[in-house]
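Asks: Sequence:
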Amino acid sequence: MKQYLFVVILTATITLVLAWAVWQLSMRYKLYPGIRERDVHKTPTPRLGGVAMYLGIVAAFLASSQHPFFSIFWADPAAVWAILGATTLIVLVGVADDIWDLDWMIKLGAQFAAAGIIAWFGKLQILSLPIGGLTVGSSWMSFVLTVLSIVIVMNAVNFIDGLDGLVAGVALIANGVFFAYSYLLVRDAGATTYFNLASFIAAALIGACIGFLPLNWTPAKLFMGDSGALMLGLLMAVSAIA
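If you're matching positions, the sequence shown starts at 1 in the working numbering and goes up one per residue.
One should not assume that every hint holds.
Stated by the list, open to error - EDC-like, lysine to aspartate or glutamate: derived pairs with alpha carbons at most 20 Å apart:
(1) K30 with D76
(2) K30 with D101
(3) K30 with D97
(4) K107 with D97
(5) K123 with D76
If you are wondering where the hints come from, they were derived from the structure by calculation, not from laboratory data.
Model the full structure from these sequences, guided by the hints.
Replies: In structure tokens form, the structure reads like this:
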């Protein structure tokens, strides 16, 4: 448990420090959009908090590479690099959308590309369904099902991003529950299983949400934007698949 606690503390600390820095820079250089009719807030608020969360999570991944407890998913790092590559892609597109308001087709294309990277290069695919223990017999069907599932979860998380602290709070609770479940599997099956990767991602997401919430709580100084919401959805889907 202490290894995962370290991940939570590290990610939360880095996210909090960087979120404050992002807020300061965004306010100084006016890196925020105007108020839209559908917006609940009444003052211009930066939407680049996802960048701070992303950097905190990346730092946790890099730190884990030096810890023997997490050696199982670094022994063959293809999955890790695919996760980081897909996450980087979705954050970059999210940042561009938060600043310039990209066309929805560009965002959707980036989501499918990121999900494809996870499923194809990372070899993290859905092999069975939690419905009667059904097994996905075709590799292509598994690939398509994985990509669609990741894209759906990304958009589901992004869809609820509308109120102060809502997405970060919901994600904190969801990842806390999922971490407890996956940690029990790690404890019973041993750290040398891929349940370790699922628990690690959940712990990193918990830390990112904890570090971000102080600036996102009502009245919010900083929003995570599409870069943060899509990243949360991507990594939550990946942790479940892993």
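Asks: Now look at each hint and say whether the structure bears it out.
Replies: Verification of the supplied hints:
1. Under the criterion of a C-alpha separation no larger than 20 Å, the hint pairing K30 with D76 is inconsistent with the structure, at around 43 Å.
2. At most 20 Å may separate the alpha-carbon atoms for a hinted pair to count; K30 and D101 meet this at roughly 16 Å.
3. For the proposed pair K30 and D97, the alpha carbon gap of about 16 Å is at most 20 Å, so the pair holds.
4. Taking the CA atoms of K107 and D97, the gap is near 8 Å; set against the 20 Å cutoff, the hint holds.
5. Taking the CA atoms of K123 and D76, the gap is about 11 Å. The hint holds against a cut of 20 Å.
Figure legend: structure checked against the earlier numbered hints; the only hint not met is number 1.
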